[in-house]
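Q: Next come the chains, spelled out residue by residue.
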Amino acid sequence: MAEKSAGNRTVKLKSHVSIVSAASIVGPKEGMGPLGRYFDVIIEDEMWGEKSWEKAESKLVKETISKILNKSKKSPADINFVISGDLLNQCIGSNFGLRDSGIPFLGIYGACSTMGESMIIGSMLIDGGFADNVVCMTSSHFCSAEKQFRFPLELGVQRPPTAQWTVTGAGGVLLSNEGPGPVITYLTTGKIVDMGIKDANNMGAAMAPAAVDTISTHFKDTGLSPEYYDLILTGDLGAVGKSICEDLLKREGFNISERYNDCGLMIYDRKKQDTHAGGSGCGCSATVLAGYIYQEMQKGNLNKILFVPTGALLSPISTQQGESIPCIAHAVSIENR
Amino acid sequence: MVQNIMTKKEYQKYAESKSPKSKLFRNIIRAFWVGGMICVLGQLFTNLLKNMGVDMEEAGSITSIIMIFLGILFTGLNVYDELGRYAGAGSTVPITGFANSIVSPAMEFKSEGYIMGVGAKMFVIAGPVLVYGILASVVVGVLYYLIK
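From first to last, the protein sequence lines are chains F and C. Residues 22 to 358 (my numbering) make up the first sequence, in order. Residues 7 to 154 (my numbering) make up the second sequence, in order.
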């Protein structure tokens, strides 16, 4: 077995990989949500002075990375890699947002699990001795995502109660081989799980089995129990997916309900903000991690987190062709030492 | 492994049982009264026009034009989508909804220019309705000709 692997699919990091800074910028709706005060910037309108929503999303990426660097007092030259992706075709949110950054760029696509994927790659780059500092980030934008995946914004349609609301926001962290702060210990890479759900308006139900698979594999590989963590946090399963995830894990012998939450349920007040089953999008888990989780970990209110962003790997074309939705979830253990 | 607990078929059934359903009765009531009010508004215009001495056929056409204009106006004012979220089919089925389905993509894709954006994407929602609507009318026309 490889030196740094634990069990089947989990990597146990040997060297020090810490999160030295984090930043998040969100849209007005997210700013009005229960976690509003944890975000660095709340933009006033979704266009943010740009001519298109795609440009606004790129600006979110650009401003978020500059915030991350400012907070850590690092210059772009200090950063070995930036790993980022988003929901737009060809990942233009990241490509255009980072085109002036001057930092070596690895573009990735993991749908809403992108934050987990980028942190897994970033942590391994540092642990492998290939980098000192890596920025891992992602973004999503309600309007650009609706335009690409669903209907025009002004079209008068009803959403079913299982539908979720794409978060407008970008979030990211700076991983480093030195510095205090929470450290990353285990990485469990997800595999693609498809249980045959075809309804693109019910992503939570589609993604929940992937989360169950990754979380249960994480516990089996590491030998840890759910009690080890203060919080197990899935990315954007929403109300439907969360209850399925909890239930199925219980059937697998892992009771996580007392320490389990979902970023999609935390970021909005579902009753007041009309977001149906909750938030979704790459930015959902990224901003909750970079905002709420990171700050609460620094305060010591949370000490051990299992962060499990979830992604639905579909495209509008696969949906039109009647395909079911392949899903993935990645787990990253973050601990205060 | 979830597959060890249940098969795909079983999971789909299970997921459906876990997913809340749309509030059918509430939605029907809302669609009924909003859709009804839109029709009452249309009737109001028709009656008004008839009282002004316009003949029935022309009054119908002018009413359609007014209703389409209102659909477009309220789409542009970012109101029609809110109405649609409340009323569902109540605001989709009337002619105002058809106007909304053309104007909303036109607005959305303006950022890709007037040719490939507005021009090309304008009928992305309404296109199928037009294609099959016209096709159906041709079929009915041919049948009518043959039977008559």
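Calculated directly from the structure, the hints in this document are not laboratory data. The structure displayed is predicted, hence computed values, not measured ones. Be aware that one or more of the hints could be misleading.
[To be verified] The calculated label-pair distances, taken between Cβ atoms and stated as ranges, are:
| id | chain 1 | residue 1 | chain 2 | residue 2 | range |
| --- | --- | --- | --- | --- | --- |
| 1 | F | 37 | C | 84 | 48 to 54 angstroms |
| 2 | C | 27 | F | 290 | 20 to 26 angstroms |
| 3 | C | 148 | F | 295 | 45 to 51 angstroms |
| 4 | F | 339 | C | 141 | 23 to 29 angstroms |
| 5 | C | 121 | F | 127 | 42 to 48 angstroms |
| 6 | C | 117 | F | 153 | 58 to 64 angstroms |
[Stated by the list, open to error] When the alpha-carbon atoms are kept at most 27 angstroms apart in a straight line, the in silico DSS-like pairs for lysine-lysine are as follows:
| id | chain 1 | residue 1 | chain 2 | residue 2 |
| --- | --- | --- | --- | --- |
| 7 | C | 29 | F | 76 |
| 8 | C | 15 | F | 219 |
| 9 | C | 15 | F | 76 |
| 10 | C | 24 | F | 72 |
| 11 | F | 25 | F | 325 |
| 12 | C | 27 | F | 271 |
| 13 | F | 95 | F | 76 |
| 14 | C | 29 | F | 212 |
| 15 | F | 320 | F | 271 |
| 16 | C | 116 | F | 271 |
| 17 | F | 325 | F | 212 |
| 18 | F | 33 | F | 76 |
| 19 | F | 219 | C | 154 |
| 20 | C | 19 | F | 293 |
| 21 | C | 27 | C | 15 |
| 22 | C | 14 | F | 241 |
| 23 | F | 271 | C | 19 |
| 24 | F | 292 | C | 24 |
| 25 | F | 72 | C | 14 |
| 26 | F | 271 | C | 127 |
| 27 | F | 293 | C | 127 |
| 28 | F | 293 | C | 14 |
| 29 | F | 212 | C | 154 |
| 30 | F | 25 | F | 241 |
| 31 | F | 72 | C | 127 |
| 32 | F | 219 | C | 24 |
| 33 | C | 24 | F | 212 |
| 34 | F | 292 | F | 33 |
| 35 | F | 271 | F | 212 |
| 36 | F | 219 | C | 116 |
| 37 | F | 325 | F | 271 |
Virtual Cβ for every residue (Gly too), placed ideally from N, Cα, C.
Q: Now, for every hint given, state plainly whether the structure supports it.
A: Hint-by-hint comparison with the structure:
1. The given range of 48 to 54 angstroms is respected by residue 37/F and residue 84/C, whose C-beta atoms sit roughly 51 angstroms from each other.
2. Residue 27/C and residue 290/F have their C-beta atoms about 23 angstroms apart, which keeps the hinted 20 to 26 angstroms range intact.
3. At about 48 angstroms, the beta-carbon gap between residue 148/C and residue 295/F stays in the expected band of 45 to 51 angstroms.
4. Between residue 339/F and residue 141/C the Cβ separation comes to about 28 angstroms, which falls inside the hinted range of 23 to 29 angstroms.
5. With their beta carbons about 35 angstroms apart, residue 121/C and residue 127/F fall outside the hinted range of 42 to 48 angstroms.
6. At about 40 angstroms, the beta-carbon gap between residue 117/C and residue 153/F misses the expected band of 58 to 64 angstroms.
7. Taking the CA atoms of residue 29/C and residue 76/F, the gap is near 37 angstroms; set against the 27 angstroms cutoff, the hint is violated.
8. Between residue 15/C and residue 219/F the CA atoms are separated by roughly 12 angstroms; this keeps the pair inside 27 angstroms, and the hint holds.
9. Note on residue 15/C and residue 76/F: the hinted pairing is violated, with a Cα-Cα distance of about 42 angstroms set against a maximum of 27 angstroms.
10. Between residue 24/C and residue 72/F the alpha-carbon distance is near 41 angstroms, which puts this suggested pair outside the 27 angstroms criterion.
11. Using a Cα cut-off of 27 angstroms, the hinted pair residue 25/F and residue 325/F holds, with the two alpha carbons roughly 21 angstroms apart.
12. Between the alpha carbons of residue 27/C and residue 271/F the distance comes to roughly 25 angstroms, so the proposed pair stays at or under 27 angstroms and holds.
13. Proximity of residue 95/F to residue 76/F is assessed by CA-CA distance (about 26 angstroms); at most 27 angstroms being required, the pair is judged to hold.
14. Taken as a hint, the residue 29/C and residue 212/F pair is broken in the structure, with Cα atoms around 36 angstroms apart against an allowance of 27 angstroms.
15. Restraint check for residue 320/F and residue 271/F: not satisfied, since their Cα atoms lie roughly 31 angstroms apart, outside the 27 angstroms limit.
16. With a C-alpha separation of about 49 angstroms, the suggested pairing of residue 116/C with residue 271/F is violated against the 27 angstroms cut-off.
17. Distance restraint check for residue 325/F and residue 212/F: the Cα-Cα separation of roughly 24 angstroms lies within the 27 angstroms cut-off, and the hinted pair is therefore satisfied.
18. Annotation: proposed proximity of residue 33/F to residue 76/F is violated, straight-line Cα distance about 38 angstroms (limit 27 angstroms).
19. About 47 angstroms separates the Cα atoms of residue 219/F and residue 154/C, which puts this hinted pair outside 27 angstroms; it is violated.
20. Restraint check: the Cα-Cα separation between residue 19/C and residue 293/F comes to about 30 angstroms, which exceeds 27 angstroms; the hinted pair is violated.
21. This hinted pair checks out: residue 27/C and residue 15/C have alpha carbons roughly 19 angstroms apart, not beyond 27 angstroms.
22. Annotation: proposed proximity of residue 14/C to residue 241/F holds, straight-line Cα distance about 23 angstroms (limit 27 angstroms).
23. With a C-alpha separation of about 19 angstroms, the suggested pair residue 271/F and residue 19/C falls inside the 27 angstroms cut-off, and the hint holds.
24. With a C-alpha separation of about 19 angstroms, the suggested pairing of residue 292/F with residue 24/C holds against the 27 angstroms cut-off.
25. As the CA atoms of residue 72/F and residue 14/C are separated by approximately 45 angstroms, the hinted pair breaks the 27 angstroms bound.
26. The suggested pairing of residue 271/F with residue 127/C is violated, with an alpha-carbon distance near 47 angstroms, which exceeds 27 angstroms.
27. Restraint check for residue 293/F and residue 127/C: not satisfied, since their Cα atoms lie roughly 34 angstroms apart, outside the 27 angstroms limit.
28. In summary, the hint linking residue 293/F to residue 14/C is not supported, as the alpha carbons are separated by about 35 angstroms, beyond the 27 angstroms threshold.
29. Note on residue 212/F and residue 154/C: the hinted pairing is violated, with a Cα-Cα distance of about 64 angstroms set against a maximum of 27 angstroms.
30. For the hint pairing residue 25/F with residue 241/F, the CA-to-CA distance comes to about 16 angstroms; that is within 27 angstroms, so the pair holds.
31. Pair hint residue 72/F plus residue 127/C holds up; C-alpha atoms about 18 angstroms apart against a cutoff of 27 angstroms.
32. For the proposed pair residue 219/F and residue 24/C, the alpha carbon gap of about 15 angstroms is at most 27 angstroms, so the pair holds.
33. For a cut-off of 27 angstroms, the pair hint linking residue 24/C to residue 212/F stands: about 24 angstroms separates their Cα positions.
34. Note on residue 292/F and residue 33/F: the hinted pairing is violated, with a Cα-Cα distance of about 40 angstroms set against a maximum of 27 angstroms.
35. In summary, the hint linking residue 271/F to residue 212/F is supported, as the alpha carbons are separated by about 20 angstroms, within the 27 angstroms threshold.
36. This hinted pair does not check out: residue 219/F and residue 116/C have alpha carbons roughly 31 angstroms apart, beyond 27 angstroms.
37. Between residue 325/F and residue 271/F the alpha-carbon distance is near 21 angstroms, which keeps this suggested pair within the 27 angstroms criterion.
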